[in-house]
Amino acid sequence: MERRLIDEAVAARSLAYDAARPQAVASRHADDHLTARERIAALCDDGSFVEYGVQAQARADASDAPADGLVAGVARLDGWPVVIASYDHTVYRGTQSTINQNKIERVLFLCIEHRWPLVCFADGEGDRPPDQQGGFGMWTGGGRIGLFDGLCELSGWAPTVAVVSGTSLDGNAAIAMFSDFVVATAASTLGTATARLPAQVHEKMGDIDRVVEDEPTAIEVVRRYLRYFLYDLESGDPSPAAGTIASVIPENRRRAYDMRKVIEGLADADSVLELRPNWGTSMVTSLVRMGGRAVGIFANQPLSRLAGAIDSDAADKMSRFIELCDAYHIPLVSLIDSPGFHIGPEAERGGIARHHIRTLLAIEHRSVPLYCVQIRKAYGLGPLVMRGSWGHLPPELRLAWPTVETGGMSLEGAAYLLKRKEILAAKTPQEARAIRDAYAETLRKRESGIRAGNNFSFDEVIDPGQTRDRIIALLRLHRRPEKTEKLTFLDTV
Amino acid sequence: MEGGSVLDQKLIDAVYEARQQSSDAGRPEAVAKVHAGGHLTARERLAALLDPGSEVEFGTLEGKGDRGWVPTRGGVDFVGTIDGHPAVASSTDYSDHGGGYGAGQLGRLFTLAHQNRWPVVLFSDGGGSRAQWLDQSVARFSRLQARYGGGSGFFEALAALAGWVPLAAVISGPSFAGHATLAAFCDFIVSTRGSAIGMGGPPMVEAAFGTRLKPVELGPVKMHEQVGAIELLVDDERSAILAVRAYLSYYHDLPSGKASSTADSIRSLVPDQGAYDMHRVIAALVDEGSFFELRPHFAVSVLTGFARMEGRSVGILANQPQSPNGGAIDSNAADKTARFVQLCEAYGLPMVSLIDAPDLTIRLEDGTEQPGMTRHHARPVRALHHRTIPLISIQIRKGYGFAPALLSGIGTAHRLPLLRLAWPTAELGVKDLYSQGFDDVVDPAETRDRILRMLRLTRRSLPAQRKRRPRDSW
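Chains as they are written, first to last, in the working numbering: chain U, 1 to 493; chain P, 494 to 967.
Warning: the hint list may mix true and false statements.
As the list claims (entries may be wrong) - Label pairs and their calculated CB-CB ranges:
| # | chain 1 | residue 1 | chain 2 | residue 2 | range |
| --- | --- | --- | --- | --- | --- |
| 1 | P | 790 | U | 47 | 53 to 63 angstroms |
| 2 | P | 529 | U | 345 | 48 to 58 angstroms |
| 3 | U | 277 | P | 858 | 16 to 26 angstroms |
| 4 | U | 307 | P | 881 | 40 to 50 angstroms |
| 5 | U | 129 | P | 951 | 33 to 43 angstroms |
| 6 | U | 428 | P | 549 | 40 to 50 angstroms |
| 7 | U | 307 | P | 556 | 40 to 50 angstroms |
| 8 | U | 237 | P | 556 | 30 to 40 angstroms |
I should point out that these hints are in silico values taken from the structure, not numbers from a laboratory.
Just so you know, even glycine gets a beta-carbon here, dropped at the ideal spot from N, CA and C.
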């Protein structure tokens, strides 16, 4: 072969690399961003990136558009295959063109074929005018799969992750909204050519899983997230908080506590990744490891504004989390301290009368093992949706801590209703409260703590300190099966 | 034994006597009270719902006590037919010991519904599990729930039924806690004016917040109609029953249907610019008077409902240019769309989508609306991508950016619409219609015929052998 031909190909390729574009690189660094290639390098194992379409460009002479503004290819993360694509802000502000649309669709196809996860750095400003074929890539009508069809197809089949660092508009922002997991940096905005919102506003609407300080942190969070889906570990050390887990629960049964501390105490050291911490806050959803095994924990949060009562957002958050874990066969642990669903006019205006069924539909259609730990309140419908039914699909394990208290509704509430006449006849509010509390205590003694174990409402009332080992022992009995067929897709909300 | 082959008449009489006690005729005072409240009795409800002579009652008698057979309390459970098609139907009876969950046979009927793929209709007014149970131990509470319902057995049964058989609920009166949950599992909830729905009833709310609210202050159905928690609000129970019968009728095709009397006016319904009522376009396209709208007062920028074309049941999805934001799709409209696509998919109805979609919008906390996209907007696109039902889309006017995808999917390699038509009024921000991949640009007057020709090529999908996915409750 003529040497010149080889040299030309290599030279054309190297023009797209950072080393050949010092000014573009400097402008990115000046704005506190990594270049597209630096991001990819930071995300994957050293030297593992295999690029697709490095010489692709809109026109033969388009030296201003290396790789046509999208760096895409296959790489490894801890040895496992992942597909990575990053729009390049230095090329027409990361806009979407015909060629780079074809490129991302090319690697999406690999994800669909091989069940490889997709990570997309989705900052960019939508359509690249006058290139009308870019943008949403719809209605091409041909045989290839489009970007958003591809993202739909991957839903429930292989994990999709979007990173938003900078400005993400129109078709670029849509990539984020179609992805399973979205990380944004604090200074980012999302929107359209005419209207934008800060990442924090989207986070409060449940659109973004994590808002983090900067790009390196975002990349680290993505690496953490993907590892739960890619592999289990043989073992894992308990966290330093494991030994004091019982002390998280206050002695005064009416005082709130932070459920995150319980999760910390149950999970392996430094293994917790909470999803959507600032939305639907009465429910905590976290990916963790227990004994090395990836596990999804969903838990009521007594420390929240609603004291753990499930409102519409929390119901959506929980259902979607169960779907996510179920799609990738990640076992579930539920930590229950539930006063029930949010009630009253405010809750009804939020549509809770119907939203709450999503939790039941999700938990009754799961195919993964579920381990339940009843920590304190088990009132009304609340614990039922956290553990599912006991008939056809019982949880693998129903543990209770000695602090468990059970009832058709809150003990104070039941006491109030049962002693209503006496309470309303009381001369002072203090006296009314005393009557109520005394009867609540009578009710509590009847069925709470160890008595809840006596009637086999639970498999064991356990020392909190033994909870972790008990769950891990059972987890070891389950293998993570290889799913060969896509059974369902995930809801995005 | 002498005379052993002759059944003692007294034994037979005892059954009729016990049955008489639970019949309306056997308790005139209770019946008068129900009527005075503007309601039908549980038995009258089911008589109005089921075809006469088709009904079979389950659980008329609860068991045999010291004094003979004991009638069931708290409700009635039936199987029967509605317009000739089998269905399960149950009603609580508030006048009978405060009402229960049907007559105690609901779990059994849910099993029958699952095995036979029979639709279920629930009259679900009531206050949840009985208040007197609160004083019971948890173990006894569970046993009572297992017996009278409201417990976990019902919920897993209903979860399994969701997306497998059509589920409909009527709420006439207050419906709280367990009763509201039962209804919320259903695909279709129709309620009557003055009714109330809530997760926690007045006693629970009083116990939690210290204020006694009337049911209608706590969860008025007028509000639920606007926030999307019910499909339809009607004047009275008879209208509600008619609505259920009408709703269920779309699960069966008719052999033929008449074109709308307004069909000829279709060219004059859409102006080049400005608002118009999409209802009129739908009315002109579908069989005469056949559009049955679902959630008409929730997320009004999108219209969803069933209709017939040449007798064939179809799901209609459309933007409403006459709505306050001109048909732009916000999170609620996206949710409404996604849920409707799932509903049509679950029960095999082809869809016709009428697109005049100017934008996707985000509603902020202060109530203002601006262009933008949330995760909610991806929901209908995902649902459409995973559909197996035929979809015919008509680009009527605007189709900007991503908005059309929420009504007809993306349609590149997978799940292309069966037919993509555009009207000459189509407005896409691009001059060249051909590049947008429409199958044809048609005269509005040709549209119905085109849709019919394509529908004739497709069969009504047979019931799936396996449930694909529960249709979403929201």
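Evaluated hints:
1. P:790 / U:47: 53 to 63 angstroms: Distance hint for residue 790 (chain P), residue 47 (chain U) holds at roughly 60 angstroms.
2. P:529 / U:345: 48 to 58 angstroms: Hint violated: Cβ distance 28 angstroms, outside 48 to 58 angstroms.
3. U:277 / P:858: 16 to 26 angstroms: 19 angstroms, holds
4. U:307 / P:881: 40 to 50 angstroms: Hint holds: Cβ distance 44 angstroms, inside 40 to 50 angstroms.
5. U:129 / P:951: 33 to 43 angstroms: 40 angstroms, holds
6. U:428 / P:549: 40 to 50 angstroms: About 59 angstroms separates the Cβ atoms of residue 428 (chain U) and residue 549 (chain P), which means 40 to 50 angstroms is violated.
7. U:307 / P:556: 40 to 50 angstroms: 42 angstroms, holds
8. U:237 / P:556: 30 to 40 angstroms: 58 angstroms, violated
Comparing the model with each earlier hint shows violations of hints 2, 6 and 8; every other hint is respected.
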